[in-house]
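For chain G, the structure is supplied; the task is to place chain B on it using the hints.
Chains as they are written, first to last, in my numbering: chain G, 1 to 671; chain B, 1 to 97.
Keep in mind that the hints are not guaranteed to be accurate.
The calculated lysine-lysine pairs, modelled on DSSO-like cross-linking and capped at a C-alpha distance of 30 Å, are [claimed, not checked]:
hint	chain 1	residue 1	chain 2	residue 2
1	B	Lys-71	G	Lys-433
2	B	Lys-72	G	Lys-436
3	G	Lys-415	B	Lys-73
4	G	Lys-433	B	Lys-73
5	G	Lys-127	G	Lys-435
6	B	Lys-72	G	Lys-435
7	G	Lys-456	G	Lys-43
8	B	Lys-71	G	Lys-123
9	G	Lys-435	B	Lys-73
10	B	Lys-71	G	Lys-435
11	G	Lys-433	G	Lys-123
12	G	Lys-327	B	Lys-72
13	B	Lys-71	G	Lys-217
14	G	Lys-168	G	Lys-132
15	G	Lys-440	G	Lys-217
16	G	Lys-440	G	Lys-43
17	G	Lys-436	B	Lys-71
18	B	Lys-73	G	Lys-217
19	G	Lys-168	G	Lys-127
20	B	Lys-71	G	Lys-327
21	G	Lys-150	G	Lys-132
22	B	Lys-72	G	Lys-433
23	G	Lys-440	G	Lys-44
24	G	Lys-415	G	Lys-649
25	B	Lys-73	G	Lys-327
26	G	Lys-50	G	Lys-158
27	G	Lys-217	B	Lys-72
28	G	Lys-150	G	Lys-433
29	G	Lys-38	G	Lys-50
30	G	Lys-38	G	Lys-433
31	B	Lys-72	G	Lys-415
32	G	Lys-136	G	Lys-168
33	B	Lys-71	G	Lys-206
34	G	Lys-451	G	Lys-26
What the hints contain is simulated information worked out from the structure, not anything from laboratory work.
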Amino acid sequence: MRIAFAGNPNSGKTTMYNALTGRNEKIGNWGGVTVGSKEFQLKKEFAGDKEVIAVDLPGAYSMSPFTPEEGITSEYVRTANPDAIVNIVDATNLSRSLFFTTQLLELGIPVVVALNKTDINEKEGTKIDVNKLSAKLNCPVFETVSTENKGLAEMIAKAISLAGTTQKAPYLQADIDLHDKNAVDAEDRKRYSFVNGIVSEVETRKTLSAETTSADKLDGVLTNPIAGILIFAVVMWGVFWISQTWLGPLVADWLVGWIETFQGWVAGQLENSPAILSALLADGIVGGVGAVVGFLPLVMVMYFLIALLEDCGYMARVSAVMDPIFKRVGLSGKSVIPVVIGTGCGIPAIMACRTIRDERERRATSMLTTFIPCGAKIPVIALFAGAFFNGAGWVSTLSYFLGLVLIFLGALLIKGITGYKYRKSFFIMELPKWKKPSLKFAFKSMMERAKAYIIKAATIILICNTVVQIMQTFDWHFQVVEEGAENTSILASIASPFAILLIPLGFGVWQLAAAAITGFIAKENVVGTLAVVYALTSFIDTEELAMTGGANTVAATMGLTSVTALAYLFFNLYTPPCFAAIGAMNSEMKSRGWLWGAIGLQLGTGYTIAFLINQFGTLFTEGHFAAGFVPGLIAEACMVAALILIARKVRAHFDEQYALHKSANAAKATA
Amino acid sequence: MELAYAMDKTAAGTGSKEGSYDAAAGRMTLLDAEPGQTYIIREINTDDDEMNSFLFRLGCYQGEPITLISKKKQSCIVVIKDGRYNLDKMLSEAIII
Chain G
1 MRIAFAGNPN SGKTTMYNAL TGRNEKIGNW GGVTVGSKEF QLKKEFAGDK EVIAVDLPGA
61 YSMSPFTPEE GITSEYVRTA NPDAIVNIVD ATNLSRSLFF TTQLLELGIP VVVALNKTDI
121 NEKEGTKIDV NKLSAKLNCP VFETVSTENK GLAEMIAKAI SLAGTTQKAP YLQADIDLHD
181 KNAVDAEDRK RYSFVNGIVS EVETRKTLSA ETTSADKLDG VLTNPIAGIL IFAVVMWGVF
241 WISQTWLGPL VADWLVGWIE TFQGWVAGQL ENSPAILSAL LADGIVGGVG AVVGFLPLVM
301 VMYFLIALLE DCGYMARVSA VMDPIFKRVG LSGKSVIPVV IGTGCGIPAI MACRTIRDER
361 ERRATSMLTT FIPCGAKIPV IALFAGAFFN GAGWVSTLSY FLGLVLIFLG ALLIKGITGY
421 KYRKSFFIME LPKWKKPSLK FAFKSMMERA KAYIIKAATI ILICNTVVQI MQTFDWHFQV
481 VEEGAENTSI LASIASPFAI LLIPLGFGVW QLAAAAITGF IAKENVVGTL AVVYALTSFI
541 DTEELAMTGG ANTVAATMGL TSVTALAYLF FNLYTPPCFA AIGAMNSEMK SRGWLWGAIG
601 LQLGTGYTIA FLINQFGTLF TEGHFAAGFV PGLIAEACMV AALILIARKV RAHFDEQYAL
661 HKSANAAKAT A
Chain B
1 MELAYAMDKT AAGTGSKEGS YDAAAGRMTL LDAEPGQTYI IREINTDDDE MNSFLFRLGC
61 YQGEPITLIS KKKQSCIVVI KDGRYNLDKM LSEAIII
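Isolated chain G, as found in the complex (with noise of 0.2 Å):
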């Protein structure tokens, strides 16, 4: 049996579907959180004995879609037959919610509607006849708080029995022709002057809606072109200061002690068994497994914050107030909230992109929203800043901003490519109420990243870091490298011919080409592959560093100037994610050219910024450009001849359609 969850946007569907099959889905305090269909077994104290899948469906404000996450919620009430609804109703807006309850009760498909954040309604004094309610919608209705599992139970057990019945529906539109734009215009009006019929006799507010209240005054100020923007930036900083320079890596220092205890104690138990092996195990798996793990700390005290700031209702705000800025680059407000979720993972920030509208700027965003550093890349950017920069809290800071900045200049450079044509770009978003953050959801979503980052640290990353460790053991001839021959080993040979094409870079060893190359399965695995190909391990704990002689190991054995270093960096943060990431835009973009552009816009960026940093850095340090400088700005200028190209190309044929237009314009005013 499937029981589907419709209602509006933001009506705490994902919320009540997590409390009855117990997972850990999503949510957050503004509409269009949940973008695609999840389904999962209830649990059994609400099913019994039976076999009951519970859907999760995006908000939808009617069934006729307007943004592509609100067409998957349509087309599965419609078509995937459903054998009951659960229609979640946002109590404290009762009358815009009715106008999709009384579309879902037309379906033949019985309905039973949750009224849901009756607790807000409580607080607030707003009264619901609810048994009126329920004989003017002839189905059930219950008040449910899902996020206190509060009415949840009697409401599935119903919708569960009621399976298979049929509801007579309390409003039916009239037989028009669908294609007439007046006659539906006015079906529509006729079912919401029914709406508002209904709402009038069963509610009674004491606050009225229109009223100014704290939260408005509140609500002025951050979304205040320069306040609103202001405090953006500081509370984003507050989140990188906190889990990057402050709590993060206090837990970090004690969590890789561990890790270095338990390291010695896997190396102690193979003293005895042969050097590869030993070195295959505690260096290669535990060493570079844990260099990984060490960071997870950090992650997670992100993870934490992020999860505040998505259930207080702050991210709508910041939408709003960033709205004029991303637009005149061509984007719009909504691509913000990938850009936010983007710094946790960049696959559900791709995803989030469905909530824009306007196609182009759907694609443009999701191409650029992975130019925020996300969770995994935070290893990557801690073990430079511990092991270059002392630890200064400035190279995260930077890395963000920069980041931000390249999203700006990636969307100019999508403007003028595919030829900016003036469009109305309207935006509209609903700002939801405050609300104060629960700790508890903001634990359960931490420790659920945190079991997928060790998932991963103990699958894809384990399995990398071992290949890497054999392939650098090994010679093609499948003997035992030598000391002091290393540049024969089979990883050496791979990576070399790419080494090459970094040096102008200033990174252009065998070595960080193979971990960079390694970046693209798993970020992390930057970090874990230099941690094997070094045999460095201890990459957080700059103190120990710092004692075990006064230049820093891990710098030394580098070889890297913090010039490089930086460029090194930068080069990891701005190439194109992982594939993970990649294939996720593949499925979001649903076009060829434009994921290819995608990648070949993050390689060219990586490569620029690398370029610049190491070319311009060791300028000003040393007083001349570095190696490589001439092939570096050839390799530039063949990139730049690229892009001309290719926006030529992009123009001709959008002289094209923009022509045949216009034919066709003309013919019909002759006609």
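Coordinates of chain B only, in the frame set by chain G:
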């Protein structure tokens, strides 16, 4: 009564404010509205059918009340039915009250 207020504003505000006041048509958009006041929507004109019907489904259509909460250069916050929304300038201009 609210409608009457809107009409008054139209008559009084001729040319005094920059914005989208359209003297010839005698129209007033959300941009000319006063914060804290409720108006009746007279017309939605976004030149975009899908946008119009989206607004409709939020309860933003001809004959319905709309309240302006606050107004900025590039955007404004309104109450439609029981929800608060942030609208950009272009959309505010398309709502005739």
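*Can you list which hints this structure breaks, lowest number first?*
none
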